[in-house]
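J.: Chain by chain, the residues:
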Amino acid sequence: MTATALSVRNIRKSFGEDEVLKGISFDAHSGDVISIIGSSGSGKSTLLRCINFLERADSGEVAVAGEIIKTHKAKDGQLSPSDKHQLKQMRARLGMVFQNFNLWAHRTVLENIIEGPVQVLKHPKKKAVADAEILMDKVGISQKRNHYPSQLSGGQQQRVAIARALAMQPTVMLFDEPTSALDPELVNEVVQVIRQLATEKRTMIMVTHEMALAREISTHLIFLHNGRIEEQGPPQLIMENPKSDRLRQFIGKF
Amino acid sequence: MMDFFNNVFSWLPELLAATPLTLILTLVAGIFGLVFGTLLALARLSNILILSVPANMFMFVMRGTPLLVQLYLIYYGLGQILPGTWVRHSVLWPYLRDGFTYAVIALSMNQAAYNGEVLRGALRSIPKGQIEASMAMGMTNLQILQRVRLPLAFRDCLPVLTSDIIILLKSTALVSTITVLELMGTARMIQRESLQIYEPLIACGLVYFAVVMVLTNIMRPVESRLTRFRKGNA
Numbered sequence: 001m002t003a004t005a006l007s008v009r010n011i012r013k014s015f016g017e018d019e020v021l022k023g024i025s026f027d028a029h030s031g032d033v034i035s036i037i038g039s040s041g042s043g044k045s046t047l048l049r050c051i052n053f054l055e056r057a058d059s060g061e062v063a064v065a066g067e068i069i070k071t072h073k074a075k076d077g078q079l080s081p082s083d084k085h086q087l088k089q090m091r092a093r094l095g096m097v098f099q100n101f102n103l104w105a106h107r108t109v110l111e112n113i114i115e116g117p118v119q120v121l122k123h124p125k126k127k128a129v130a131d132a133e134i135l136m137d138k139v140g141i142s143q144k145r146n147h148y149p150s151q152l153s154g155g156q157q158q159r160v161a162i163a164r165a166l167a168m169q170p171t172v173m174l175f176d177e178p179t180s181a182l183d184p185e186l187v188n189e190v191v192q193v194i195r196q197l198a199t200e201k202r203t204m205i206m207v208t209h210e211m212a213l214a215r216e217i218s219t220h221l222i223f224l225h226n227g228r229i230e231e232q233g234p235p236q237l238i239m240e241n242p243k244s245d246r247l248r249q250f251i252g253k254f
Numbered sequence: 255m256m257d258f259f260n261n262v263f264s265w266l267p268e269l270l271a272a273t274p275l276t277l278i279l280t281l282v283a284g285i286f287g288l289v290f291g292t293l294l295a296l297a298r299l300s301n302i303l304i305l306s307v308p309a310n311m312f313m314f315v316m317r318g319t320p321l322l323v324q325l326y327l328i329y330y331g332l333g334q335i336l337p338g339t340w341v342r343h344s345v346l347w348p349y350l351r352d353g354f355t356y357a358v359i360a361l362s363m364n365q366a367a368y369n370g371e372v373l374r375g376a377l378r379s380i381p382k383g384q385i386e387a388s389m390a391m392g393m394t395n396l397q398i399l400q401r402v403r404l405p406l407a408f409r410d411c412l413p414v415l416t417s418d419i420i421i422l423l424k425s426t427a428l429v430s431t432i433t434v435l436e437l438m439g440t441a442r443m444i445q446r447e448s449l450q451i452y453e454p455l456i457a458c459g460l461v462y463f464a465v466v467m468v469l470t471n472i473m474r475p476v477e478s479r480l481t482r483f484r485k486g487n488a
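Each protein sequence line maps, in turn, to chains A and B. Note that our numbering has the first sequence beginning at 1, numbered continuously upward. Note that our numbering has the second sequence beginning at 255, numbered continuously upward.
You can trust all of the hints, since none of them are fake.
Using C-beta positions, here's what the derived DEER-type ranges look like:
{"hint": "1", "chain 1": "A", "residue 1": "Q169", "chain 2": "B", "residue 2": "V414", "range": "40 to 46 Å"}
{"hint": "2", "chain 1": "B", "residue 1": "K382", "chain 2": "A", "residue 2": "S40", "range": "16 to 22 Å"}
{"hint": "3", "chain 1": "B", "residue 1": "V476", "chain 2": "A", "residue 2": "E185", "range": "36 to 42 Å"}
Keep in mind that the hints were calculated from the coordinates and are not lab data. A virtual CB, placed ideally from N, CA and C, is assigned to each residue, including glycine.
In isolation and in its complexed conformation, chain A is listed as follows:
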């Protein structure tokens, strides 16, 4: 058995009266690619954002490579990180790729990629640039190294965002609907990069609407419905043979 890269235990989250996550647990072992699917509003993105505490859950537990993120219950009833320093270390090990790329607008492609390694990991700038060059090559963006995000297409921006996350050498990559904000003809270039990462056995958690991609690269598929894991398992198995009506309906839409 391989080591547990990410462990999520019993995550609950409400927005007001609305409980969007009703106790979600799963584990990602090293090399796993877990796709989280479900209709919009099923809490997929919230779940992902609770993992690195961009969103504060109401209860639950997250562990990265066996180390539990220390929390306490804050006055507002939400789970609050107890050790800021530890949280930052944990976040540095969780590479996040956002739906809207969120590249720093005032920094060039290269500056975006070396920012984390230089500022957070304290790598010497020379090393960070050398590492960034390999990553820019990998995602096919080297010619644009001195461009600003506004000068790039959505697909190019997302590839830079992936390189930026990879530059931190994260234990787990988190993808929050990485292709949802892209024009259809730009989806493929991003999908190819993600596919390549999967073949390299990177541990990835991906919230997605790309069913074909999820089926192709996932080792494990999680179907969220109404804040619960309705069904999960190897993608071929559960997509060809869905047990619940809801998953059948959901797959039927594609």
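With chain A's structure known, arrange chain B on it following the hints.
T.: For chain B alone, coordinates are given in the frame of chain A:
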């Protein structure tokens, strides 16, 4: 008519000699104003009430009253109180007898209030995703402030900050009322001594205008360099 223009030009050397003081006032108050203004903006946006409430009140009062009133209150007010205290015997005293010091204090405070308001708006309008990306990376709050929030905010409001500096430059004329012999003060002195009313004023206006033109032309390339990340500025 020729005499009139000759008179105007004849005062230019004397006025140009006073221009460095105007520039120093603008520069010093501009820098203090920007530094304190940044702190004010951060204090106002803070969740800590003992920071945000005083910052809010300070900005409200400074922006709601005329600079001239502030100048008089600081010059005559502080100037009345301080000589009766220990300050009179301190090393600071020589400076505190000088109108220049009070002018810098008043201009800086006023400038800080205006810069603070502009920066507060710019800090608030930073897209959330820019900050979330920084947090997800594991950056500290201080790093996010230094590396992301402030750079984006300054770039965003640079044109307004530039125009605030130009307004400040022209506002320095007010300090002539508290014995500072900068550009305007010198023009008024010339008026009194030469008994010419318009000529020194026109000459002084010309100098202000020239300085503003130079300042604008210095800021333009700075602005376009710092905002080249925007679309169309490539």
